Amino acid sequence: MSKSLREELESTFKNIQVSILEDSRMAVTAETHSVLAILRFLKDAGFDHLSLISAVDWIEDNVFELCFILTSYMQNDDEYTDRQKLHIILKTRIPREQPQVKTAIGLFPNAEPYEREIHELFGIDFEGHPRLTPLLLERDYEIPPFRKDFDTRKYVEEVFNSIPPIEIKNK
Amino acid sequence: MDRNQIAKWLEAPAKMANKYSLHAIYFCTGCGIIEVPPVITARWDAERFGVIPVATPRQANLFLITGYVSVKTLRPIIRTYEQMHEPKYTVGFGSCPVNGGMYWDSYNTIKHLDKYIPIDGWIAGCMPRPEAIFIAVTHLWTLIDKDMAEGYVRYRKSYRAYRRNQEMALGKLDWPPLYPVSDEPRGDEQ
Amino acid sequence: MVAKVAQIILSPILALVIGVFFLSLARKIMARFHWRYGPPLVQPVIDIIRLFYQKSVSHGQMFDLGLILSLAGSIVVVLFLPFGPICPLSGSGGLLVILYITLLAPLGMALSGGQGDNPNISIGISRKLILGLGYEVPLLLVLLAVMTRYKTISIMEVVSAQQRTGWSLTSLPLLLSGLSYLLILPAILGIRPFDVSSAPQEISSGPMVEYGGKYLALAKIEHAFALFINIALFVNLFLGGAANPLIFFVKMLVVFVLGLCINAVFPRFRIEQAIKYLWKWPALLAFLGLIVTLATRG
Amino acid sequence: MSLEILLIIAFGGAFLTYLLGKVSSRARDSFAVAVSLGLVAFVAFLYGKPLEKTFYFGFLDLDLVLRLNMLSWFFAITIASVGALSIIFSLSYIKAREKTDFYYLMMLLVNAAMLGIVLAGDLLSFYIFWEIMSWSAFLLISYNRGPALAAGMKYIVMSIIGSVCFLVGMLSLYVSFDTLNISQIAPAIASASHGYVLFILIAFGIAFGIKNAVLPFHTWLPDAHSEAPSPFSAVLSGILVRMGMYGFLLIFYVILGLKAFLALGQGLYSFHYILAWIGAINIVIPTFIAMLQNDSKRLLAWHGVGQGGYMVLGVALGTKLGVAGGTFHIVNHTSYIALLFLVVGAIEYRTGGVRDLNSLGGLAKRMPITFIGALVGACGLIGVPLTNGFVSKWLIYKSLILEGHPFLAFAALIGTWGTILSLFKFLHNIFLGQLPEKYKDIKKAPFSMQLPIVVLSLVILVFGILPGIPLKVINTIGTSFGFESLNVTLWGITSETGTLNTINIFFAVLGAGLVVWLLFRFAAKSVSVPQEDSYAAGARTPADKYHYTVEFYNPLHRMIRPFLRDVIDEFYYQIASWVRAFAQGMRRIYSGDVGYYVMYIMLFLAGLIFVQMRWEIW
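Protein chains in written order, with the numbering used here: chain S, 63 to 233; chain G, 3 to 192; chain H, -12 to 285; chain E, 6 to 623.
These are calculated hints, taken from the structure and not from any lab test. Predicted model only: the values in this text are computed from it and were never measured. There could be a bad hint or two in this list.
[As the list claims (entries may be wrong)] Below, simulated DSS-like cross-link-like pairs (lysine-lysine); rule was C-alpha separation at most 27 Å, straight line:
| hint | chain 1 | residue 1 | chain 2 | residue 2 |
| --- | --- | --- | --- | --- |
| 1 | G | Lys148 | H | Lys42 |
| 2 | E | Lys27 | E | Lys104 |
| 3 | G | Lys74 | E | Lys443 |
| 4 | G | Lys174 | E | Lys550 |
| 5 | G | Lys10 | G | Lys148 |
| 6 | S | Lys216 | G | Lys148 |
| 7 | H | Lys15 | G | Lys17 |
| 8 | G | Lys117 | H | Lys42 |
| 9 | E | Lys530 | G | Lys148 |
| 10 | E | Lys448 | E | Lys550 |
| 11 | G | Lys174 | S | Lys216 |
| 12 | G | Lys159 | G | Lys148 |
| 13 | H | Lys207 | E | Lys530 |
| 14 | G | Lys159 | E | Lys100 |
| 15 | S | Lys210 | G | Lys74 |
| 16 | G | Lys159 | H | Lys207 |
| 17 | S | Lys164 | S | Lys153 |
| 18 | H | Lys15 | G | Lys10 |
| 19 | G | Lys174 | E | Lys443 |
| 20 | E | Lys100 | E | Lys27 |
| 21 | G | Lys17 | E | Lys530 |
| 22 | S | Lys147 | S | Lys76 |
| 23 | H | Lys138 | G | Lys17 |
| 24 | S | Lys153 | S | Lys210 |
| 25 | G | Lys74 | S | Lys216 |
| 26 | E | Lys104 | G | Lys10 |
| 27 | E | Lys448 | H | Lys42 |
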């Protein structure tokens, strides 16, 4: 069953690699500009649940990798087709300098918090996102903290350890 | 436990009353709060020692910092501590409030909590068992007896240093200083 | 005259002692229900002493005066209530005056809470007033049944009538009213199934949110007086109010422990459920009681 | 010094103020205050002197009689004092508005007309002054244009219906006894048949019921009170509406007499018992409607309707305690409802006309005297001990219970709890809680507004702690009606079936308060704190959004909302729309060209001829 989905994907989109990992896992890597088209195609194919967007910082290849994980709601549980069991992870690589991607909110409204979090922690700009305000962090950082080149020990040393302790007055 | 010695009551009622009526504010600051329900219910029953949880800082005089303190939680902790009335005591659970514990190098946690609010007592253990909490309470009694549980006095005396540290950690604070902070240049030390 | 002045001074102190004893009994019995030891019986006294030594925060004149008025109102009601033979001011107004002076306490607490600049307090007070309206419907029917049955508005006459003709709880027409009064007693005392107004989890103890040291102490003392007043009123009207104070105290104890058992095992009502309950069965019983009393009065 | 000089001063003063207004506004203001204070002094001077003055009046050889007995003096002093206080209040309230001369003329005219009603000894002059009062009230209600015009129209339509009923009753009395002098009608009507007496009662009952907003006729009152300018709505709800109660007292006890009134109908169907039930219902429903209002003046207006129920209940009981309670309640109600309306007027003046309960808050910090006035007024309206409301309610309840009407007493007592809920909402939403940003630097109410508020608060407290003063007057009224007198002491009533002693309550509360205050003073010190420093679970308290007012009794509101639709009001509007539809239809007849009119005449003549041929009527 997933074979036919694989042929469909490979036939409709060029330079796309589709690999079946275990029985219910399928990995799809594609270029950035065709990501939204693939998402629409998969949504029409029944994968209407975007469960997660996450990012990976490959600092050696000087590239970010965005991962969209799609599944489908179990609408008709009785004929539990193997397509509904399938988890698809769609990967794409974007350059590390001024990383910019078009937002997926049009297709999946629930992508909004994921994209805000990735923007705050990785510094990837989502064009067309309504509210890219800080979500989790209290302070502002010049290098977003989840990037590999963010040295957390140096940060802790210069921010927290520089705060002087309170001397106990003459007891 | 010298609760029933009338002589002590007559000689220092305020101290004795503070010892045997500790109202702990029910504020889940970290992972240790999971230890508090068994402490106050049937198995370990903190009410035997006069410790009951209350809803608001106004009614409380004991503040349990249970577990690691994230930067975001430090703001309500300071606000709650300032809204409690003197005499007030704070007890830190586990090693995370002491020096950051296993999150010593995390960008998002507060390392030494006593730089921001005074702490009267520490309990070791990640997370301390209910018996350890009772030991802490008894230690607090001895501290109160020896007038060493003076965190709130320290806070009042060197409030400017505390306030400066808080502003360094949290940036701008959106509530006025608790005690009048004379606004000569920041760098001086009392 | 000296006896009268002694009574005026004695009865509030007595009421305070018994009220605080009820508070400590409540905590001890609740603990026993939970299979735990619970605090020593003297714990409320320790709490109050500590609270009086603790600093506190005030939100303005009305914040203090309202609380003082509410506690003064409770003390004044105690002066009107006969406790066994002791009854200092029973001569000036009887049951109607008691009914109206019990307004002072919630009104004072409401005004003082209102000044406390906190929506939790306002929500707590609006719930307390709605609950008050809820239990007032059956309570008024019950009180009117008692007054029409003994054809008097003075509480002393009701007590002396009961000395002669036995408890009104056992005499037929007032049995229904007595049952209805028992059903609404938890609501009047403000204990567990009906403590919607000071729910620590939902509205962080309602009107008491901003009460610090001495304010919380005064609020606890006022709660102690309220316990004493409501139970003493019930005992006076339905259990014949005893000749000597000891029997009176024992009767109050029985009624209070009964209320505590309900308190220990019931979850808290939502305010709509409380009103629906109060306006359904107790109101029906009180209504029937009044009709029967009217019919048999002849 | 006799009565016609009093009326001349009253009416002359009104017109003189108008003329002076043309000259200079300061002279007009001081003259108006002087006239109203002079009236108060004059009426007070006339205490205890029963005067009777008849003037021959050529019209239908009826004599115009002015007389003063204890009942009319009791009302006259209330009218004069409330009028004077509202004039003083409106000095600064009306200053910034236009047409102020007209306003002062109308206020003094209403005042004079009410004095005229109370002093009238015969029904004709009563009717004349009644009409003057109704019309000047209509002009004052629609003073600030806009929605007030509709409210005024509604008021004037209903009071015209009332006046017509009064006219019908008056004419039938004139035809059957050919005299309109009250003192002559009283003995004559005793011999009249029950049916005729019932007719008279119904006719006058409708007239006074509309004015006193008894339940089926109450619909004009909420609109009129909330749209009228505040000083006038204090007079309107304070004493003008209670002219209906004066009429009831006049009809029941002066004209009809006690025994005849109680003898009407027997047992459960006696007239006074049914009226008592109307009064009881009149207490409960408006009070619960008042709880759900969001406009402060409408809330108070609905309480005006509710409290009217107590008076009707007290007066209709026919026992010496009930009538004493009912009449005393009239004065009490005047004092605290006028005080509450003046408080709302002061708030309106300072906040620029804001009456909505959901957008105010925390004003007690900025306007303390107004807050104290509102607090005392609210306690009076609720009937908290040590205020005069409590004493009159105690009298009514005692007579209800001892006479064996527990269900009436139940309705009245539930009304009290409804008042508590709605008045706490009134106090809380305006004075307590967080002060909004835009009212941060609001100033106190000006002195000319604070004086009446303080005076009325004192009246409430003094009459509450020493009720003997007014009760002595009411006792003489009771004995003039034929009841045996209550032994009234300075601080209450002593009788074997339960005495009321307010001095005991006063000293008890004072002593207990002192003890608690000392305990409070000697405990640890408390620090006063700004309104931002309040518990918000560690978060910052949001400005302007931290005050719980909207849907204050939401759970209760959801439960009793279906029972509280004002069905009677909708019924009247339904009638109004039918009449409009019918008039619309009739308008089409006048189509404008003569041909149709000629056709109508011809058809009419043909009809007549046909009827004559068929039945020969002539």
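Each hint tested on the structure:
1. G:Lys148 to H:Lys42: Within the cut-off at roughly 21 Å; holds.
2. E:Lys27 to E:Lys104: 11 Å, holds
3. G:Lys74 to E:Lys443: 32 Å, violated
4. G:Lys174 to E:Lys550: The given pair, whose Cα atoms are some 22 Å apart, holds under the 27 Å limit.
5. G:Lys10 to G:Lys148: 14 Å, holds
6. S:Lys216 to G:Lys148: Not OK: lysine 216 of chain S and lysine 148 of chain G at ~41 Å, beyond 27 Å, violated.
7. H:Lys15 to G:Lys17: 24 Å, holds
8. G:Lys117 to H:Lys42: OK: lysine 117 of chain G and lysine 42 of chain H at ~25 Å, within 27 Å.
9. E:Lys530 to G:Lys148: 24 Å, holds
10. E:Lys448 to E:Lys550: Holds: lysine 448 of chain E and lysine 550 of chain E sit about 23 Å apart, inside 27 Å.
11. G:Lys174 to S:Lys216: Within the cut-off at roughly 23 Å; holds.
12. G:Lys159 to G:Lys148: Holds. Lysine 159 of chain G to lysine 148 of chain G sits at ~19 Å (cutoff 27 Å).
13. H:Lys207 to E:Lys530: Given pair lysine 207 of chain H, lysine 530 of chain E holds - Cα atoms ~19 Å apart, limit 27 Å.
14. G:Lys159 to E:Lys100: Between lysine 159 of chain G and lysine 100 of chain E the Cα gap is close to 56 Å, so the pair fails against 27 Å, i.e. violated.
15. S:Lys210 to G:Lys74: 23 Å, holds
16. G:Lys159 to H:Lys207: 33 Å, violated
17. S:Lys164 to S:Lys153: 15 Å, holds
18. H:Lys15 to G:Lys10: Within the cut-off at roughly 24 Å; holds.
19. G:Lys174 to E:Lys443: 25 Å, holds
20. E:Lys100 to E:Lys27: 15 Å, holds
21. G:Lys17 to E:Lys530: 17 Å, holds
22. S:Lys147 to S:Lys76: Answer holds: lysine 147 of chain S to lysine 76 of chain S is near 26 Å, not above 27 Å.
23. H:Lys138 to G:Lys17: This hinted pair is violated, its Cα atoms lying about 56 Å apart.
24. S:Lys153 to S:Lys210: 19 Å, holds
25. G:Lys74 to S:Lys216: Since the Cα atoms of lysine 74 of chain G and lysine 216 of chain S sit roughly 21 Å apart, the hinted pair holds (cutoff 27 Å).
26. E:Lys104 to G:Lys10: This hinted pair is violated, its Cα atoms lying about 78 Å apart.
27. E:Lys448 to H:Lys42: 33 Å, violated
The structure fails to meet hints 3, 6, 14, 16, 23, 26, 27 from the earlier list, while all remaining hints are met.
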